[in-house]
Amino acid sequence: MNKRLRLDGIAGRMILFFVSLLVLVQLAVFVSINVRSDQIAQKTVDHQLEVGERVFQRLWAQNNTQLEQEATVLAADFGLRESLASNDRPTILSVLANHAKRVGAAAMVVVSLDGRVLVDSLHPAGESRRFEYSDLLMHAQESGHAAATVAIDGLLYQLVVVPVLAPEPIAYVAIGFRVDDAVAKELGELTGLEVSFLSAAGRGERAVTASTLGSEVRSELPHLVPLGAPAWAGSAVSLRDRQLETRVRSLAPGGSGAIDVVLQKSLDEAVEPFKRLRASFGLLAVFCLGVTVIGSVLIARNISQPIRALAQAALRIQAGDYASPVPVPNQGEIGAFAATFNHMQDAIASREGEIRRLAYRDPLTDLPNRAQFLEELDRAIDECGKAGQAFSVLLMDLDRFRFVNDTLGHHAGDRVIIEVAARLRAALGDQDVLARLGGDEFAVLPSPQQRLESTSVAGQLLRCLQAPVVVDGQSLDVGVSIGIAHFPRHGTDAVALLRRADVAMYVAKREHKGFEQYDHRIDGHRQHHLSLLSELRQAIDGNELRLHYQPKIDLRTDEVKGAEALVRWVHPVRGSIPPSEFIPFAEQTGFIRHVTRWVIEAALAQIETWRALGVEIPVAINVSARDLSGAELPELLAGAMRRHRVPPGLITLEITESALMEDPRHAARILARMRELGVAIAIDDYGTGYSALSYLTQLTVDSLKIDRSLINSIRPGGRNAAIVRSTVALGENLGLTVVAEGVETSEQVELLRQFGCHQAQGFGLARPMPADQLIAWTVAREVAHESAPSP
Amino acid sequence: MHPLVLRLALPLAVAAWACPLLAASAIHAEVVGPSGEPVEDAVVFLRPLTGQKFSGHAPPAPSIEQRDREFVPYVTVVQTGAAVRFPNQDPVRHHVYSFSQPKKFEIKLYAGDAPDPIVFDKPGVVTMGCNVHDWMLGYLFVVDTPWFGKTDSSGLTQIDAVEDGDYEARVWHPRQRHEVAMRRLKLAGAAPERLHFTIDATPRKPHYKPPLDPLHYAK
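Residue numbers (my numbering), protein chains in the order written: chain A, 1 to 791; chain B, 1 to 219.
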């Protein structure tokens with residue numbers, strides 16, 4: 001068994017499905033995590049920045065307030081007031097330095113009430129200039145203090161301005177506190193953000209004046225961050241390899257953009273936890289995938305292996321092996337399926353046995369049928385062919401079985417067949433094969449011991465049927481004709497052997513011989529017949545047929561009572577061919593219908609011709625069994641009679657006894673229609689068959705024609721003479737005209753006349769002659785009669 | 001006009017009118033803001049241009065008290081040479097000082113009466129503060145004339161016993177935005193002269209004063 005899992009199998013598809021599903025779900029989750037994590041990171045950063053903005057604002061304002069308070073305290077210092085009031089410059093400088101040290105101020109500036117710089121710790125030489133931040137002075141004057149972030153000489157200060165009250169304002173003190181990296185760092189720690197301060201550096205340039213950022217990126221920042229406005233503005237800045245969400249706002253008085261604070265948060269840091277989440281999710285996904293693959297492989301195996309076993313079993317059943325059951329797994333649907341499968345296998349086996357029996361057995365007799373017989377025959381051919389042995393095949397059918405079927409019914413026919421089969425079976429050895437090929441046809445393949453004893457086997461068979469078969473209280477004589485063919489002499493295949501046995505059987509039946517062995521000569525005869533078929537067709541088309549007429553003489557008056565139309569074939573090569581050469585063949589092949597049609601047409605045309613000459617001669621036309629089997633004969637005849645304006649009294653149809661017996665009911669119907677046309681009916685060849693006269697009289701025939709075989713051997717006081725005489729008497733009593741055929745001698749004529757036979761026909765009276773000769777012959781005969789009256 | 005001022009002013013006017021032999025008259029001055037509202041604590045004073053002599057009584061030496069951690073009064077006017085006392089009425093000490101040009105002085109932490117009165121011998125504005133209480137602010141206006149007055153809450157003041165003659169009349173206020181131009185006037189013992197000044201002064205802003213209880217001075 002193939003252990004590999006195929007992707008197009010159930011297992012493969014299950015695995016594919018589950019794995020695809022899992023991968024799909026994981027992909028969806030992963031994508032959604034990715035999208036969401038970016039969103040969350042962005043939100044987190046935005047939120048942190050928002051909080052950071054507020055914290056920064058508060059811190060910055062607090063810082064300013066604190067610085068303002070410190071400045072206020074300084075401004076209220078009595079020493080400063082006193083020294084300012086007294087314009088004691090050294091003291092002023094000293095007080096300022098002391099206070100700068102005390103509060104950590106980096107710059108101290110004293111400004112007069114009218115805005116002139118009195119003392120400047122940063123620029124001792126630049127004193128008495130106007131103070132740059134006059135609006136701070138105004139603000140301080142109004143509200144007691146003012147603060148602003150300013151850049152002085154590239155450094156950033158928080159500048160606080162307070163008036164010096166003594167107790168009225170006498171000057172302003174501006175105190176500058178450096179905003180440097182330390183301040184940025186502290187703000188950065190409190191806000192959790194990167195904090196940078198940008199200030200204008202001349203010519204539109206900006207520079208980082210303080211920052212938590214590393215020095216290596218400080219020069220880039222001013223180019224990336226937009227100018228600040230009084231309100232916070234956001235942007236995204238990519239600094240080196242860091243993604244920084246950025247907020248910027250102006251710190252300069254009036255929001256001029258000269259000094260901006262920049263708050264930044266790294267997006268990467270916010271994304272970092274999600275990266276770890278993604279990594280662990282990836283691990284989990286791989287683990288799940290592995291578990292799923294293994295799990296679905298196991299489950300699929302569980303399903304697919306029993307199914308594959310079932311498939312194998314199905315293949316085995318297909319090959320005809322019903323013996324080995326499928327192992328039934330214990331669990332679930334597959335187990336139930338396997339059990340059902342086994343039931344099915346048994347059912348198929350028994351049904352196939354039945355089919356086989358039906359296929360190879362004849363249901364009526366329970367004998368082997370044609371199919372089985374052919375197989376047996378093939379096997380015998382095979383075996384004996386290899387062994388170089390010979391054997392024979394016997395083919396037989398029942399004589400007149402159709403008559404039994406038609407007169408006694410099919411049920412009786414079946415009984416006859418069953419009885420015959422039983423007798424044949426009993427007559428044969430166990431090793432002999434007896435088969436019913438169909439209908440009333442049987443075949444025997446003798447056992448190897450008997451194979452060369454075919455004639456004795458045939459004898460046994462004939463003997464076993466000698467006793468009559470009794471059906472429904474009636475005793476029936478059942479005759480059989482047997483044809484024998486020998487392997488390999490007559491054929492090396494079943495078909496050829498059976499065909500030749502059939503030929504032999506035909507000969508046996510025709511010649512009433514019981515059995516006949518095949519002879520190449522009889523088959524050669526057949527070959528000759530076959531070639532005749534096309535020639536015969538040509539004969540009708542080419543008008544090679546001629547009608548001769550043999551007169552029928554009234555034995556009492558010696559008058560010509562009519563003539564029998566006899567067909568002659570004037571073959572262009574072989575010359576004149578007698579009817580016995582081609583009529584039986586035409587009857588066998590069915591071509592006789594065409595011949596009959598031609599004869600009717602020609603005969604009626606002749607009658608018409610004679611009538612035109614003023615002569616009315618009744619004509620008898622032979623009709624075969626084949627002609628009776630169809631229904632077209634009456635129409636054909638009626639049509640011809642109309643065309644040739646022939647009265648029905650001039651036509652007699654001669655039908656052989658055997659033709660009537662083949663299908664008596666149908667024949668009766670056809671004959672009845674003929675009589676409706678007014679045509680006379682004669683039974684031809686009477687005395688050769690087995691027909692009961694009573695049956696024939698039911699057909700309301702007009703005349704009997706005694707067969708030539710009886711007339712030929714008729715002798716005064718002989719056995720045939722007695723038959724003829726009684727037949728004539730019987731015909732007389734039944735009102736039938738009795739005609740003797742084949743009369744050859746004047747003795748026969750005399751005897752027949754004594755018996756009271758009505759008419760006679762034969763070479764002894766007149767040969768068949770062409771139509772024109774008939775007229776001449778008749779005229780000559782009448783002339784002779786007149787000159788020498790008959791006795 | 002305040003009923004109390006009317007009641008006080010009328011008998012004085014009658015008195016002045018009833019003694020024409022003294023050849024002196026009273027000046028009624030009114031100081032208002034730009035929109036006509038009375039201005040309190042404005043100082044109005046007359047300087048003689050023709051050598052008139054003051055014939056009235058010398059005013060008593062004024063005191064500037066520290067009461068409830070304020071200078072009371074807020075504005076004080078004295079003639080040059082006046083000795084001003086600074087009595088401390090509060091339970092806490094004060095440290096009164098002034099860096100003003102006419103008189104720099106300092107009375108270091110003291111309680112009760114200051115040890116000595118301070119003599120102001122130069123005319124001008126002396127702005128006073130307290131080193132302990134930053135909000136304390138008081139003004140002492142030193143004039144070199146005996147004829148001066150300070151407006152009450154109705155913006156009115158009266159200067160008595162002014163000899164006939166030519167004067168320049170001036171007005172000053174501690175929170176004036178601009179100096180008001182002086183005015184000349186001639187007195188000839190007639191009916192009381194009326195002076196009307198308009199001055200633009202910022203209003204006095206209230207200031208926060210922490211309570212005395214030190215536990216409660218959160219701002």
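Bear in mind the hints are in silico, worked out from the structure with no lab data behind them.
Hints are supplied without guarantee of correctness; some may be wrong.
Claimed, not checked - Going by beta-carbon spacing under 8 Å, a handful of chain B positions derived as facing chain A:
1) Thr127
2) Gly129
3) Asn131
4) Leu137
Quick caveat: nothing in here was measured; it's all calculated off a predicted structure.
Note that the Cβ used here is the ideal one computed from N, Cα and C, for glycine as well.
Hint check:
Here the hint on threonine 127 (chain B) is kept, as its CB sits about 5 Å from the closest CB of chain A, short of 8 Å. Hint status for glycine 129 (chain B) relative to chain A: holds, with the closest Cβ pair at about 3 Å, below 8 Å. The beta carbon of asparagine 131 (chain B) is positioned within 8 Å of a beta carbon in chain A (closest approach about 5 Å), and the interface hint is therefore held. Evaluation of the leucine 137 (chain B) hint against chain A yields a held restraint, the C-beta minimum of about 5 Å falling below 8 Å.
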